[in-house]
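Chain order of the listed sequences is P and R.
The first sequence finishes on residue 114 if you use this note's numbering, and the numbering steps up by one all the way, no holes.
The second sequence finishes on residue 160 if you use this note's numbering, and the numbering steps up by one all the way, no holes.
Since the hints were made in silico from the structure, they are not lab data.
The structure displayed is predicted, hence computed values, not measured ones.
Note that the Cβ used here is the ideal one computed from N, Cα and C, for glycine as well.
Among these hints, one or two may not hold up.
[To be verified] Simulated crosslink set (DSS-like; lysine-lysine; CA at most 25 angstroms straight-line): (1) R:Lys53 / R:Lys121; (2) R:Lys148 / P:Lys72; (3) R:Lys53 / P:Lys6; (4) R:Lys148 / P:Lys55.
[What the hints assert, rightly or not] Okay, the calculated beta carbon distance ranges per label pair: (5) P:Pro80 / R:Glu112: 41 to 51 angstroms; (6) R:Lys68 / P:Ala71: 43 to 53 angstroms; (7) P:Gly61 / R:Glu67: 22 to 32 angstroms; (8) P:Asp56 / R:Asp88: 26 to 36 angstroms; (9) P:Thr27 / R:Glu112: 16 to 26 angstroms; (10) R:Gly113 / P:Gly61: 18 to 28 angstroms.
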Amino acid sequence: DQQVKQNSPSLSVQEGRISILNCDYTNSMFDYFLWYKKYPAEGPTFLISISSIKDKNEDGRFTVFLNKSAKHLSLHIVPSQPGDSAVYFCAASWGTSGSRLTFGEGTQLTVNP
Amino acid sequence: DVKVTQSSRYLVKRTGEKVFLECVQDMDHENMFWYRQDPGLGLRLIYFSYDVKMKEKGDIPEGYSVSREKKERFSLILESASTNQTSMYLCASSRNEKLFFGSGTQLSVL
């Protein structure tokens, strides 16, 4: 079963606008969430994370929001830039799993100039 | 910067061949992982290791094995390659939840 789900395979936005990528999870034991970005022919790179004790974490243009009651998190990119075009993966872990992450399917973001 | 190096960027193998994918990290991380990435399925964990000589099955270990003889090196072995193992293979290392990935090996099994 897919414990971490990204329901939108793709998203297209205009440069300068907001990009919102969504992620849902089913395992209530998850307590740490991460977003990774992947360019073609490269490995995924860490972007931003959030602990379950918080509901928001911000790093420059990137903000992650966590809604524990809805088991939902989202990544906001403001303003979006063409260089943000990549596949974004949501991932989750829980205390005893150490650094074993469960990933979503990924969302292809395209930012049009 | 952490560097995770995968020995091959592209590999083409025949059905039934034994395939070795090598991964080396230079940051003295305890944890190492092998994932495969397939369109629409995201990254799925094959095997991982928290220490030398240690290995744990991930979510899709069937048809694979691993070896970790030294802390910096983690090898993925396809005992008898099959066409459904055609995929992008990604190695990662970590000390905590933040994984550092290699560039990947695109394996094609014909």
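Given the hint that R:Lys53 pairs with P:Lys6, test it: the Cα-Cα distance must not exceed 25 angstroms. The hint is violated at about 29 angstroms.
Supplied distance hint 41 to 51 angstroms, evaluated on CB atoms of P:Pro80 and R:Glu112: Holds: the Cβ-Cβ distance is about 45 angstroms, inside 41 to 51 angstroms.
When you take the CB atoms of P:Asp56 and R:Asp88, is the distance between them in 26 to 36 angstroms? Given a distance of about 33 angstroms, which is inside 26 to 36 angstroms, the answer is holds.
Holds or violated: are the alpha carbons of R:Lys53 and R:Lys121 at most 25 angstroms from each other? Holds, at roughly 14 angstroms.
I want to verify a distance hint. Is the separation of the beta carbons of R:Gly113 and P:Gly61 within 18 to 28 angstroms? About 42 angstroms separates the Cβ atoms of R:Gly113 and P:Gly61, which means 18 to 28 angstroms is violated.
Do the alpha carbons of R:Lys148 and P:Lys72 lie within 25 angstroms of each other, as the hint requires? Holds. R:Lys148 to P:Lys72 sits at ~21 angstroms (cutoff 25 angstroms).
Starting from the range 22 to 32 angstroms, see whether the pair P:Gly61 and R:Glu67 falls in it by beta-carbon distance. violated, 46 angstroms
Need the status of pair R:Lys148, P:Lys55: alpha-carbon distance at most 25 angstroms? Between R:Lys148 and P:Lys55 the Cα gap is close to 18 angstroms, so the pair holds against 25 angstroms.
Is 16 to 26 angstroms respected by the C-beta to C-beta distance linking P:Thr27 and R:Glu112? holds, 23 angstroms
Take a look at whether the Cβ-Cβ distance between R:Lys68 and P:Ala71 falls inside 43 to 53 angstroms. The hint (43 to 53 angstroms, Cβ to Cβ) holds, given that R:Lys68 and P:Ala71 are roughly 47 angstroms apart.
Consistency note: the structure conflicts with the earlier hints numbered 3, 7, 10.
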